[in-house]
Amino acid sequence: MYRFKHANRYNVIHLLFEMQNICVILDLQSNRDPGPDIMTEHAGDATQLNATFDAYVAAEKKIEPKEWMPEAYRRTLIRQISQHAHSEIIGMQPEGNWITRAPSLRRKVGLIAKVQDEAGHGLYLYSAAETLGVSRDQMDADLLSGKAKYSSIFNYPTPTWADIGAIGWLVDGAAITNQIPICRCSYGPYARAMIRICKEESFHQRQGYEIMLKLCQGTPEQKRMAQDALNRWWWPSVAMFGPSDGDSEHSKQNMAWRIKRVSNDDLRQRFVDMIVKQADYLDITIPDPDLKWNEERGHYDIGEIDWDDFWTVVKGNGPCNRQRMAHRTKAHDEGAWVREAAVVYAEKQAAKRSKAAA
Amino acid sequence: MSTNKEWPLYEVFIRSKQGLAHQHAGSLHAADAQMAVENARDVYTRRGEGLSIWVVPAAEITASSPDDKEVMFDPADSKVYRHPTFYDVPDEVECL
Numbered sequence: 001m002y003r004f005k006h007a008n009r010y011n012v013i014h015l016l017f018e019m020q021n022i023c024v025i026l027d028l029q030s031n032r033d034p035g036p037d038i039m040t041e042h043a044g045d046a047t048q049l050n051a052t053f054d055a056y057v058a059a060e061k062k063i064e065p066k067e068w069m070p071e072a073y074r075r076t077l078i079r080q081i082s083q084h085a086h087s088e089i090i091g092m093q094p095e096g097n098w099i100t101r102a103p104s105l106r107r108k109v110g111l112i113a114k115v116q117d118e119a120g121h122g123l124y125l126y127s128a129a130e131t132l133g134v135s136r137d138q139m140d141a142d143l144l145s146g147k148a149k150y151s152s153i154f155n156y157p158t159p160t161w162a163d164i165g166a167i168g169w170l171v172d173g174a175a176i177t178n179q180i181p182i183c184r185c186s187y188g189p190y191a192r193a194m195i196r197i198c199k200e201e202s203f204h205q206r207q208g209y210e211i212m213l214k215l216c217q218g219t220p221e222q223k224r225m226a227q228d229a230l231n232r233w234w235w236p237s238v239a240m241f242g243p244s245d246g247d248s249e250h251s252k253q254n255m256a257w258r259i260k261r262v263s264n265d266d267l268r269q270r271f272v273d274m275i276v277k278q279a280d281y282l283d284i285t286i287p288d289p290d291l292k293w294n295e296e297r298g299h300y301d302i303g304e305i306d307w308d309d310f311w312t313v314v315k316g317n318g319p320c321n322r323q324r325m326a327h328r329t330k331a332h333d334e335g336a337w338v339r340e341a342a343v344v345y346a347e348k349q350a351a352k353r354s355k356a357a358a
Numbered sequence: 359m360s361t362n363k364e365w366p367l368y369e370v371f372i373r374s375k376q377g378l379a380h381q382h383a384g385s386l387h388a389a390d391a392q393m394a395v396e397n398a399r400d401v402y403t404r405r406g407e408g409l410s411i412w413v414v415p416a417a418e419i420t421a422s423s424p425d426d427k428e429v430m431f432d433p434a435d436s437k438v439y440r441h442p443t444f445y446d447v448p449d450e451v452e453c454l
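So the sequences go chain by chain: A and B. At position 128 of the first sequence (counting the first as 1) the number is 128 in my numbering, and the numbers step up by one without a gap. Count along the second sequence from 1, then add 358; that gives the number in my numbering.
So that you can see chain A by itself, here it is in the shape it has in the complex (with noise of 0.2 angstroms):
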């Protein structure tokens, strides 16, 4: 009789921790404040509606699919959302030129997992934007005729092993440091990709990392290589945050939408603080005489940068946009006879199975 209550005592003891559980997981939704809830509010005019909508992102609510937004954020998150997927399917061309060429196996593996890795993120965004009402085969048309862009530094060339290195470093580098905040995007679907991608991310920049770190303990000669390409591509970094906002209406309309939560000057600080000490480690220069610790604010301060050279590659007169481009291009169109019988493949199976249900 007593085993009998005993054992009964801990299957008892066992469901308490299984109601407990339950209780906490109810406990949360039961308590959830319902906040304004702009998605079902469809009366009153479209300044209120805006008014909402504003207050509703303020409180860090997000927004999903399907749901009322206002035109100007759907187009917004459409434009950065794609180009941001465009600079994915983009950025596999200058590391793609080193996978045959990678000095080891252990490094062609690693580059080309990388490379893989950034037409998936290319997927996953496009899919993002996807949820906004914009159809894949636009973005793709909008990419192809130079309506939409894509970020700027996959436009200058990578002529030697080092430059996979400082991409990797560099490039992925400030890539995640923009990425981290989108994270916490208003919108769900960016937010979901970009946290997907950042947990990737950090592989790349490792990667990268590791291979400046060998040139560097290499041969004199190695190391000279690795210093030319931190040289070409400090500057290009540094000035992929983009300008400083300023008084920028834009930036404040995306800063209160909680599409854009960091200011492009401080995610450049974040990236300069982190990589001085990373260029340190490998002993390698930074090509900027005027940069220098600052006490005072407790940052590292920086020369100018040559916004002239930034514009003129993001108006198309890089090194390479008219490589990169006609390449993105000439695989479209190579690649459609694959489509094509992909989908005629595809509708003769349909029809052969309705054939023999019938």
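Keep in mind that a hint or two might mislead.
What the hints assert, rightly or not - If you only want the chain A side, here are some residues facing chain B, beta carbon under 10 angstroms, derived: (1) E67; (2) R192; (3) A193; (4) E347; (5) Q349.
To be verified - Simulated restraints, written as ranges between beta carbons of each label pair: (6) P70/A x S423/B: 17 to 27 angstroms; (7) Q381/B x D137/A: 27 to 37 angstroms; (8) V395/B x T312/A: 43 to 53 angstroms.
Hint data in this document are derived by calculation from the structure and do not stem from the laboratory. Predicted model only: the values in this text are computed from it and were never measured. Note that CB positions come from ideal geometry on N, CA and C, so glycine has one too.
Place chain B on chain A using the hints.
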């Protein structure tokens, strides 16, 4: 020829380990369901994120409308008596 036909969109669900339910991972385009499974493997399980994949044509999903959110889900908020914490039980009584 169906030159300008966009591949249909599939929603991807992944079981991350035995004992857990499939969870929405994202979406992708594919010519048919088989290709969707193959692409989902490459896009969403490059680092051991899954042991099983479901793909569903996005067009086949019936969803509740965001406009009905209040009507459908708010009534549950006032039904506190559906939760164990609603019922008063003395502290000294165990296993409840």
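Here's how the hints hold up against the structure:
1. Residue-level restraint check for E67/A holds (minimum Cβ-Cβ distance to chain B is 4 angstroms; threshold 10 angstroms).
2. The restraint placing R192/A at the interface with chain B holds, with a minimum CB-CB distance near 8 angstroms, inside the 10 angstroms limit.
3. The beta carbon of A193/A comes within 8 angstroms of a beta carbon in chain B, closer than 10 angstroms, and the hint placing it at the interface holds.
4. Taken as an interface hint, E347/A checks out: its beta carbon lies about 7 angstroms from the nearest beta carbon of chain B, inside 10 angstroms.
5. Because the beta carbon of Q349/A sits about 6 angstroms from the nearest beta carbon in chain B, less than 10 angstroms, this interface hint is met.
6. Taking the beta carbon of each, P70/A and S423/B are about 19 angstroms apart, inside 17 to 27 angstroms as hinted.
7. For the pair Q381/B and D137/A, the beta carbons lie near 29 angstroms from each other, so the given range of 27 to 37 angstroms is met.
8. In this structure, V395/B and T312/A meet the distance hint of 43 to 53 angstroms, their C-beta atoms being roughly 46 angstroms apart.
The structure shown violates none of the earlier numbered hints.
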